[in-house]
Amino acid sequence: MQTFIEQLQAIVGEEDVISHPDDLLVYEYDGSVDSNMPCAVVFPTSVDEVSKVLELTHREGIPVAGRGSGTGLSGGAIAADGGIQIVFTKMNHILDVNVENRTATVEPGVINLDLDNYVREFGMRYAPDPSSQRACSIGGNIAENAGGPHCLAYGTTTNHVIAMEVVLEDGSVVNLGGPSRDAPGYDLRGVFVGSEGTFGIATQIIVRLLPLPEMVKTFLGIFPDIESACTAVSAVIGHGIVPAALEMIDSLSIKAVQSVTDAGFPDDAGAVLLVELEGLTEEVEEVTEQVESSLWDTGAKDVRIAQDPADREKLWVGRKTAFGSFGTIAPNYYLVDGVVPRTRLTQVLKRVAEIGQTYGITIANVFHAGDGNLHPCMLFDEREPGVLDRAMRAASEMMEYCVEVGGTLSGEHGIGLEKKEYMPLVFTDADLAEMKKVRNGFAPLNLLNPGKIFPDGETFNLEAHKSGPGMYI
Amino acid sequence: MMVSLLGRECVMPMESNLAYQVDGLVPKAVVQVQESSQIQAVLSLAGQQNLGVTPWGGGTHQFLGNKPSRLDIVLDMHKYDRILDFQPADLTVTVESGITLDKLKAQLMSDDKLVPLESPLSDVATIGGIVATNRSGPLRYSYGLPRDWLIGSTVCGAGGQQTKSGGKVVKNVTGYDLGKLYAGSLGTLGVISEVTFKLAPSNPAGGLIVGKVDSIDEAVQISKELLAKVYSPQGIQIVDNLAMKTIGHPLLHTGLTYGVMLFFCGRVPAVNRRMRECEGLLESSGIISRQMFLADEADKLLTQTTNSGSFANDIPECLMKFNVSPDKLLAVTQRSQAILGNIPTALLADPGFGVIRLACHYSSIVSTSEFLVCVQSLRNMVSQHNGSLIIERCSYQVKEAIDVWGDDTPEVKVMANIKKQFDPKMILNQGRFMGHL
Numbered sequence: 001m002q003t004f005i006e007q008l009q010a011i012v013g014e015e016d017v018i019s020h021p022d023d024l025l026v027y028e029y030d031g032s033v034d035s036n037m038p039c040a041v042v043f044p045t046s047v048d049e050v051s052k053v054l055e056l057t058h059r060e061g062i063p064v065a066g067r068g069s070g071t072g073l074s075g076g077a078i079a080a081d082g083g084i085q086i087v088f089t090k091m092n093h094i095l096d097v098n099v100e101n102r103t104a105t106v107e108p109g110v111i112n113l114d115l116d117n118y119v120r121e122f123g124m125r126y127a128p129d130p131s132s133q134r135a136c137s138i139g140g141n142i143a144e145n146a147g148g149p150h151c152l153a154y155g156t157t158t159n160h161v162i163a164m165e166v167v168l169e170d171g172s173v174v175n176l177g178g179p180s181r182d183a184p185g186y187d188l189r190g191v192f193v194g195s196e197g198t199f200g201i202a203t204q205i206i207v208r209l210l211p212l213p214e215m216v217k218t219f220l221g222i223f224p225d226i227e228s229a230c231t232a233v234s235a236v237i238g239h240g241i242v243p244a245a246l247e248m249i250d251s252l253s254i255k256a257v258q259s260v261t262d263a264g265f266p267d268d269a270g271a272v273l274l275v276e277l278e279g280l281t282e283e284v285e286e287v288t289e290q291v292e293s294s295l296w297d298t299g300a301k302d303v304r305i306a307q308d309p310a311d312r313e314k315l316w317v318g319r320k321t322a323f324g325s326f327g328t329i330a331p332n333y334y335l336v337d338g339v340v341p342r343t344r345l346t347q348v349l350k351r352v353a354e355i356g357q358t359y360g361i362t363i364a365n366v367f368h369a370g371d372g373n374l375h376p377c378m379l380f381d382e383r384e385p386g387v388l389d390r391a392m393r394a395a396s397e398m399m400e401y402c403v404e405v406g407g408t409l410s411g412e413h414g415i416g417l418e419k420k421e422y423m424p425l426v427f428t429d430a431d432l433a434e435m436k437k438v439r440n441g442f443a444p445l446n447l448l449n450p451g452k453i454f455p456d457g458e459t460f461n462l463e464a465h466k467s468g469p470g471m472y473i
Numbered sequence: 474m475m476v477s478l479l480g481r482e483c484v485m486p487m488e489s490n491l492a493y494q495v496d497g498l499v500p501k502a503v504v505q506v507q508e509s510s511q512i513q514a515v516l517s518l519a520g521q522q523n524l525g526v527t528p529w530g531g532g533t534h535q536f537l538g539n540k541p542s543r544l545d546i547v548l549d550m551h552k553y554d555r556i557l558d559f560q561p562a563d564l565t566v567t568v569e570s571g572i573t574l575d576k577l578k579a580q581l582m583s584d585d586k587l588v589p590l591e592s593p594l595s596d597v598a599t600i601g602g603i604v605a606t607n608r609s610g611p612l613r614y615s616y617g618l619p620r621d622w623l624i625g626s627t628v629c630g631a632g633g634q635q636t637k638s639g640g641k642v643v644k645n646v647t648g649y650d651l652g653k654l655y656a657g658s659l660g661t662l663g664v665i666s667e668v669t670f671k672l673a674p675s676n677p678a679g680g681l682i683v684g685k686v687d688s689i690d691e692a693v694q695i696s697k698e699l700l701a702k703v704y705s706p707q708g709i710q711i712v713d714n715l716a717m718k719t720i721g722h723p724l725l726h727t728g729l730t731y732g733v734m735l736f737f738c739g740r741v742p743a744v745n746r747r748m749r750e751c752e753g754l755l756e757s758s759g760i761i762s763r764q765m766f767l768a769d770e771a772d773k774l775l776t777q778t779t780n781s782g783s784f785a786n787d788i789p790e791c792l793m794k795f796n797v798s799p800d801k802l803l804a805v806t807q808r809s810q811a812i813l814g815n816i817p818t819a820l821l822a823d824p825g826f827g828v829i830r831l832a833c834h835y836s837s838i839v840s841t842s843e844f845l846v847c848v849q850s851l852r853n854m855v856s857q858h859n860g861s862l863i864i865e866r867c868s869y870q871v872k873e874a875i876d877v878w879g880d881d882t883p884e885v886k887v888m889a890n891i892k893k894q895f896d897p898k899m900i901l902n903q904g905r906f907m908g909h910l
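Here the protein sequences line up with chains C and R, keeping their order. All the letters of the first sequence, read from the start, carry residue numbers 1 to 473 under the working numbering. All the letters of the second sequence, read from the start, carry residue numbers 474 to 910 under the working numbering.
FYI, nobody ran anything at the bench for these hints, they're computed from the structure. Keep in mind the model is a prediction, meaning the values are calculated, not measured. A virtual CB, placed ideally from N, CA and C, is assigned to each residue, including glycine. Among the hints, erroneous ones may be present.
Among the chain R residues that face chain C by a calculated CB cut under 7 Å, a handful are [as the list claims (entries may be wrong)]: (1) Lys637; (2) Val642; (3) Val643; (4) Tyr649; (5) Pro674; (6) Glu756.
Far from chain R, by Cβ distances over 10 Å, these chain C residues were calculated [unchecked claim]: (7) Leu24; (8) Thr156; (9) Lys350.
Isolated chain R (complex conformation) (with noise of 0.2 Å):
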């Protein structure tokens, strides 16, 4: 069928379609698109036929979400990856959702342009699951989401219909910002195909500096009173020592307690008076042990950070991510360590942001009931704090005992109501949302 609508060249052998599984369910078909008349011809297919379809970018997070009710169709996009307007003079750029973070990246550095997303696996995650997905990293203290950059988008409908919103004017408010809607949808509202992006200059300089604790409280601490002063770092994350060995820099401290890991992007005069007057923070706070990175190097811990956040070199057995107010983290941080007793867990925390990710390797310890015993008890601590917490990466097992988005709340209802005019079918990802959307 898929053949004859669009190609052989389009449709990949079957043998391939294992390798786009999604928690088990292999799909029955994986188109690769390349032009728009592709991803509308398949919708509307789909649609007609009542087909579940994924759409699929570089398949670095496929594993987020509940498991889809169903999966007929995999939308592979990644060759639908052309930029096709940069304005550098107006800091715009319009892209093709299937291009890569690292190739958009290049393209604008040659003008000194920046697009401040950050996603692990940048040179396979692909900008449309980048926005469908909400991902961040290290600077989100300074730089947001990617809703927050993104100023227009095109959309192909459950119904194979394509529509815009936005523009390509770094200030709009003419209609409904349905671009807001799209990122962090998970490809639940619609298949995005094109995506207008503002720009900002680029950074010409760029640090890092590790400094080490004995205590998670310190850790906090030490963060509140940088993030409280002016020459304050663009993004601090705060790791144990599980967690640094994830990111697996040869140079970055071992043995540690926990580190905390400020990271500074600029120009370099604001960046060298930003490190300076951190690092005396440190020092005066009886942080001896510190390291200090620069350019070249900075960066590349910087990637290897944000790869850290999605633990794909040690895919652990559960990946839990909190959302609490900075002012929550050490309490909620403090209270899951307590919880989670000696399940071996790495912490990766954001102070500025309130954003926290356990990765917990839990099966020598517990068994899977009682983690999941465990996983309930996390999320009512975190509910007493006005905080919510996902399961973002677990095994098949524990996908089918919980809800990896919680328990549903009255904003759901909206949720499910917005769902149903757009994918009346439900052909789109159909199950991985919050209320099994």
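So that you can see chain C by itself, here it is in the shape it has in the complex (with noise of 0.2 Å):
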């Protein structure tokens, strides 16, 4: 009779599974505070192999956990008690670029970076962009609804995606979605995307893709406080502009930004904030005075304008790599999602900043001003007795205030275990119960990822992570 770990190791290889716990100890964790170890992860190489993985799962009773590149940032890639990993970073392949149809057809370990740039050369773009881009999968992606700077103009991940082959919880392999966007019954693909896999496992996914601009523009707003850049990000909608991408980037921000990689960020501004302008040349044209004038008439210091590609690209790698370079200020952070609209930021951000200072604990503040996605930023030493606890007290009372005033717990990271237990913040049960009819509808069994999403007073606990000196990873 053979084991459980056997029978995986027959379905894709016995080189393509880990079970020893400190080959495990990578796959216990993902970009979230959160943590659990898997009993087991699997690398499949094809469709054929998740759903004869899923088949055994199935009829073992055993969770599931999809697992792109772990970027996630709210535990959606993390293992169930006595659960496995389905991990897909060798189904990372470009398998078909359509230029006519403008689509790409991708495996879901596909790196979103990687699907940009090698897009590009086709004279198209993946318009996707969270800050992860370098490291997070398509995969990922869809299970998060992943969003990023541009999808201000653009949409997120679920406006790019055309159809997906997709395994079920019992093994069984359907294709959601159609040729066209206008594919007829239930938009189970729409649906699909954000379900934080909870609902199949996608093993294909057929993106659509967007024509590269015909001209660019991007503008640095200094500004000498956070307030005046909030006025300024209602300024330029109210002219009737929605640019392609409007991120605002904190002093603290940008202290730590320039401590690693000169973006051209001022180190004495109170508040940058980064416009970009994409279009016909007549489009952009038009609207640049307007744009500066926003900005100027707000308060900026200073407006600069890209001069060339290069100029640009040093703006947004100031930008994206912010989360990055708060490791100059503490080890450790942990970043809320809020969404709030777009004319209370101000009010919000002051909110903020009372709650850093109550709870004695460091907040920096990058993100997507434009469509009123924050992201406070703590930062800490997680090996201060007591930070983790104030830390998450913090991030509850900063989610809390968002709902109260109109907006929502995640904007791009889910829900996953972090944040299920403020759903009641946003639903009510019946809200609850209905979104349950549609898992149900997937899964029955509630075997993918389950534990996520929906409230059930469980959590685990928090601790710093389990490595210390002389410890090898």
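Take each chain as given, in its own frame, and dock them per the hints.
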């Protein structure tokens, strides 16, 4: 009688199953603060293998978590107790690019930025660009409906997925969506995106590509404080302009970024606003003056325009390396992902600062101002007694406040483990029961990423990472 | 029963019920609601009494879907039509689902905002109906579909419970995106009562260029070239002579074989550039006969072209909708024309999006049973091209003989599971959807 591990090995090959605790340590955690050890990790290379693995886990009642690059920030890739992870690092091929249809067919392990860079050779782009795009996978992006700075104009992942091949909980394979964006039937494709791996496992995806814009213009507005920068956001949108991206970086973040790379952010700025316009030359030129005047009129100390692609790249490297640069301030961070109506930004950021002071937590703000998606980033050293608890309580108050002002818990990171107990702030029991009906329709045994999204009173105990001097990882 | 539940003023007199028939089935009661509590009360009662319910907006697209297996109550939503919350600075609006698209757009325009939805008969079609049918128009290539603009919804379920999903923020991954499920579900999972959309700034300028071409090949080829350009139009429709007549604008070309209609909208300098460059490309491609329309005339033609999508001006005996990838559009159109032979057919195709509509008047050429053979051939053909064919509109006779959605696919099983979860007693528009759900 084969053991469970032996059965997994028979499907994917011995070398593609990990089960030793020392090897499993890497897969215990993702980009969030939660962690839990899987009992095995498998690395399939085909839909057939994924299907057979899920047939097995379905038969045995074993929970399964899909995992791309493990960069998620809400605990989505963390295995349930006694569960396995299916990791897609070996299913990482771009299978086809169709220029006429403006589509690409990819496996779930393809890295977001790799896809974008690849299709640029064909004069196209893949628009969803989360800050982790150098590392995160398309499969993970689909699970969380990932966004990024440019989703302000172009939408999130759900607007860029046309069809998927999906393996269901019982191992059966279905195709969701169709060759055109208006496929008949219930939009299973649409509801699957953002379902955090609880409905099925995507093994092949057809994504929508966009043409490269004729002109890109990137502005850096330099402000004395965050309040004037927030006012500038409303002013730009108030002119009837929806930029391709509208990002804000506060003074603490600027200092951190400039300490690791020269992004051209002035050290003495209270906040900077990165505004990017894309489109026909005529469109961009027409609104340039309006954007500039919006920034000056709301108190900008200076407004700079990127002179060339290298200049622009420098600004974006500054923005996208912000979270990595926080390591120069503190060894650990915890990020909130609340979304609020754009017009409430000033009010909410003020409250965020107050909460930071109350709990004695340093907070840096780097976020998607254009769509109201905040990222207050709490910086601390988890070895300090009690600080993790204070950070969690501060985050809790911030999320509650976001909901109080008409916003919600998560703009792009997902609910996962991290925020599931906060769902009752937004949804009633009846609302949540209705959502569970969809999950039951896809996965009646709830074996796929169980314990995520819905409150159940169970959380993993947060503790500092299990590493110390002398431990080899 | 309804009168005692809701009051006489909400229940239509019996003689009105005929106007609310669906595929020959006349409801026993028609209820006009004005409050969400009334929607809940009707559904709760229907659930208890096991009565079939059909939501009804403007009634403009009740011909869609298979024949319902039962129809006891029509829930007329058109008086449930208030704008609940309009936040122009946040670019969001929340409405009751019975509001018409025109009424909503007029209100938004007063603040230079736009909800980029299109529907035939937009003065009558309601937001709830447009979302439930996921209806779109010529600008779908740029704007997408209603589900792409929906950020929050409140729905009354089959048991009378009212639930919400999404929210009023333009970016949101809190919980499952149930709005995607409700959009296009033909009211079979719940009655959409409130909807929140994200908005766009309004378009200061609009335009239309119509070029006359001699063949479908030429029409598709020039469309491909235009769509590949940075100055591409916001939407392209390929029409044949019969479809052009259906659009029915006195200034439009007549006697053409095919026309390519290029739609433009946006800021003035950009629209000017797009139109100038596109016209240049038509000219250099040898498309000599061209017409240009601007501003109000272009808007009017956009409306009339959108209306022609359901062929309400000249109701066909059969209206078919093909969904294919754009690179298969030419092949599918040509093969369809070959299969249909001499059957008079109007063609309206969207080469950027991959949607083809064929409106047939077959009875002068073939019998119904012969036509059904054609339909099966068309289905087989489009399946070979990985597309789908839906019969959007047809006679009761055809509906009795055919599943308008085509053959079931494996994902219909998932749809059926979901339907069973949401509507276990099968009271909502039962039988009309894929898989006769």
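Exercise for the section: Would you check whether the claim that Thr156(C) is not at the interface survives, using Cβ distances to chain R and the 10 Å cut-off? Expected result: Check fails; 7 Å does not lie beyond 10 Å.
Handout entry: Satisfaction of the Val643(R) interface hint, Cβ to chain C closer than 7 Å
Key = At 5 Å from the nearest chain C Cβ, Val643(R) passes the 7 Å test, so the hint holds.
Practice task
Mind checking the CB of Glu756(R) against every CB in chain C and telling me if the closest is under 7 Å?
Solution key: Violated. Min distance 20 Å.
Problem - Restraint outcome when Tyr649(R) is required to lie within 7 Å of chain C by C-beta distance - result: holds (5 Å)
Exercise for the section: Grab the minimum C-beta distance from Val642(R) to chain C and call the hint holds if it beats 7 Å, violated otherwise. Expected result: holds (4 Å)
Exercise for the section: Examine each Cβ of chain R, and state whether all of them lie more than 10 Å from the Cβ of Leu24(C). Expected result: holds (28 Å)
Exercise for the section: Mind checking the CB of Lys637(R) against every CB in chain C and telling me if the closest is under 7 Å? Expected result: holds (6 Å)
Exercise for the section: Determine whether the non-interface label on Lys350(C) survives the test: each CB of chain R must be over 10 Å from its CB. Expected result: holds (18 Å)
Problem - Proposed interface contact between Pro674(R) and chain C, which counts if any beta carbon pair is under 7 Å - result: holds (4 Å)
When the structure is compared with the earlier hints, violations turn up for hints 6 and 8 and for no others.
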